[in-house]
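Q: Line order of the protein sequences matches chains A and B. Per my numbering, the first sequence starts with residue 1, numbered consecutively. Per my numbering, the second sequence starts with residue 1, numbered consecutively.
Hints listed in this document are in silico derivations from the structure and should not be mistaken for laboratory results. Some hints could be false.
[To be verified] If the Cβ cut is set under 7 Å, some of the chain A residues that face chain B in the computed set are: (1) Thr19; (2) Ala22; (3) Arg23; (4) Glu44; (5) Thr52; (6) Asp56; (7) Gln58; (8) Arg61; (9) Leu64; (10) Val68; (11) Gly72; (12) Ser133; (13) Gly134; (14) Leu151.
[To be verified] One side of the interface only, derived from the structure: several residues of chain A facing chain B at Cβ under 7 Å: (15) Asp3; (16) His45; (17) Gly46; (18) Pro59; (19) Val60.
The C-beta atom is built at its ideal place from N, Cα and C for all residues, glycine as well.
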Amino acid sequence: MTDLHTIRVTVNGTTYERTVEARMLLSDFIRHELGLTGTHVGCEHGVCGACTVLFDGQPVRSCLMFAVQADGHEIMTVEGLAPEGEMHPLQEAFHEAHALQCGFCTPGFLMTLKPFVETHPNPTEEEIRKAISGNLCRCTGYQHIIEAVKLAIKKIHHTDA
Amino acid sequence: MKPPAFKYYAPSSVEEALALLAEHGYDAKILAGGQSLIPTMNFRLAQPGVLVDLNRVSELAFIRPADDGGLLIGAMTRHVQVETSDLVAQRLPLLHETMPFIAHPQIRNRGTYGGSISHADPAAELPAITVTHRGKIHLRSTRGSRWVDADDFFVGLFTTALEPDEMVVEIALPPLPPRTGWAFDEFSRRHGDFALVGVAAAVTLDPAGAVEDARLVFMGVGDRPMKGDTAVALLRGQVPSADLIEEAATRAAQEDIDPFGDVHASAAFRRHLAAVLAKRVLTRAVERANR
Ligand SMILES: Cc1cc2nc3c(=O)[nH]c(=O)nc-3n(C[C@H](O)[C@H](O)[C@H](O)COP(=O)(O)OP(=O)(O)OC[C@H]3O[C@@H](n4cnc5c(N)ncnc54)[C@H](O)[C@@H]3O)c2cc1C
Ligand code: FES
Ligand code: FES
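The following block holds chain B by itself, in its conformation from the complex:
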């Protein structure tokens, strides 16, 4: 199908883009990689009156080292740039390991970090990874600038803390602390499809080998990235044995998520996958932390 008519603007700076958003408000949508927005326009599920295309705003495409050892990633940085960045591989190995799971090569050539988190598909990888990293998201409008914690940014199904005149300009991802192991895994019907369920884990061990801190974040089993707090509470302070990891994964899959059923998988099957994957990523994260 064909997209409905709209008025098109291609600003070349953030300032210009923000002025356009301020002027058109609810009528306007930002066009980033277009890999989610254009399909929905082709289906006429979205009918924005105005598109503000950020593809000529070159100041928004960057990956920069941050003082805390993490990275600052510009909103218009494409998936392929994150996937192939040495800085990302060195500083944010969890993100590096996750990138190839996102869609297909052609889509990663266009899709952007800012677009993915703004779209906030609950089955998308980058929202879950941003939450796992306890990232912060830098939003700007002509009214000002604010940083929002990833936890507060994702508010529901395809819904974020963004106001209509605001845009994401960059994402700050702190590094994982020392003695931290990480892992990501997902289950999808075909490689590159949106996953039925995905899980990211990061486990920090103290010098004695007990869990000092842990993070477990699920995707595809709720209206946003879902945090496995029950598992984290069980693990904290304990030496993570195989039995404990199994219990933590199972409890999180019972208590911390809210899977739905659709033609692709029933809610019960998604819950089952969540438990299996959580066990797998927690085990791998602990192994890596022990190295």
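The following block holds chain A by itself, in its conformation from the complex:
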């Protein structure tokens, strides 16, 4: 039984029309249909956070949604964070603070953190830890990620500092 649906989804500002099977996960749609392989898939059951994308501006796990549910909605993946050849302050901060080693988890952290750093000019360390509680990293031990969040917030909100 193949249940096909034609959907229109805006991803990183470009609107795509595709026909997909109902059972296609949003993560697979992004990676296999659109070729945007920056979104990583670690566990496919909602535990690791590597597949996090922005859905109408909010971080969600793309492995826990079907592509057909994105019809008419807007998605941002890590490829949409900054224009080609440039880096978002969060990406710069991850680079400068050594917040990644293998980088597998990084796109998920970045997409989780984008709205957080934009709306939290002065978070406590506790708030930062809670914000990233849904993302696993097997390399860094998290401390450098927390430093990067602080650095990104400095870049975004306190440029004269």
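Fit chain B with the ligands to the supplied structure of chain A, relying on the hints for placement.
A: Leaving out everything else, chain B with the ligands in the frame of chain A:
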């Protein structure tokens, strides 16, 4: 892993959704936030033939004041909406305080109140809070409409009073009475994981400072939210001293719960946590009632 094939419907009204459930019955499953259903489909533990997606049924997402001072919460209201609602913070502080314990921010952006109680995971927060509040759950099908008390809604492990053609449309949560203190706490291995044990308490004191009424509800230590009736019976009519609270918490953890052991924790450890947490939340609830 990938989910098995299914037929997908995205109704835009409750009526349409109910008609689909009536037509497909046991074959159909409702898709709410998908944060429990899609993982189980990815593991192929669930293989529904038909999914009825409620995400376009906007009439089911609301938080409204109720005449009794409590709230009516629509089934498709997302965890993040409850967590950040001023109405919830004002009228249902126990619920407000509990929300950040549920999963992670990304999951709270999708997961729904109706999905959580329908899933009825015995370690989930919202079933326990709904029972603590003596909430009522509004179920509808094409056959009609009924309200079920939270106590009767949760019937066992991942099992509720829902018939296959029924869905949860809203939840009514009455306010806690005056002179009532409340508290919730849980123990989990990592923040956002399902808790090993969680406990909610609400204690109402009479003007003389004795316990007029109390509620103690455990999660993660039975096949559904477990009520600490032994503790409540010990507390009722008494001025709640530290010793009495300790005794009530210990007795409830011995007599009122039925913990299981698994790779995360033995049954004995869960019982120990239940006693510690029950003491902690009862103490905090009494302090708050005294203010
Ligand atoms: C990594 C991870 C950690 C989590 N940690 C926690 C936690 O700590 N605490 C916690 O409580 N939860 C936790 N959850 C679960 C999360 O809160 C879910 O959102 C919730 O349990 C189910 O809500 P949902 O809206 O996603 O429902 P779905 O997954 O869409 O549905 C769940 C079930 O309920 C049925 N259903 C849904 N809505 C209705 C309705 N209106 N009427 C009738 N049936 C309906 C569905 O058919 C399905 O069987 C976690 C999930 C993940 C992936
Ligand atoms: S791949 Fe989606 S949470 Fe792990
Ligand atoms: S950098 Fe390797 S998993 Fe995070």
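Q: Next step is simple, just say for each hint if it's right about the structure.
A: Now for the hints, and whether the structure bears them out:
| no. | hint | verdict |
| --- | --- | --- |
| 1 | Thr19 | violated, 13 Å |
| 2 | Ala22 | holds, 4 Å |
| 3 | Arg23 | holds, 5 Å |
| 4 | Glu44 | holds, 5 Å |
| 5 | Thr52 | holds, 6 Å |
| 6 | Asp56 | violated, 10 Å |
| 7 | Gln58 | holds, 5 Å |
| 8 | Arg61 | holds, 5 Å |
| 9 | Leu64 | holds, 5 Å |
| 10 | Val68 | holds, 6 Å |
| 11 | Gly72 | violated, 9 Å |
| 12 | Ser133 | holds, 4 Å |
| 13 | Gly134 | holds, 3 Å |
| 14 | Leu151 | violated, 21 Å |
| 15 | Asp3 | holds, 5 Å |
| 16 | His45 | holds, 4 Å |
| 17 | Gly46 | holds, 5 Å |
| 18 | Pro59 | holds, 5 Å |
| 19 | Val60 | holds, 5 Å |
The earlier numbered hints that this structure contradicts are 1, 6, 11 and 14.
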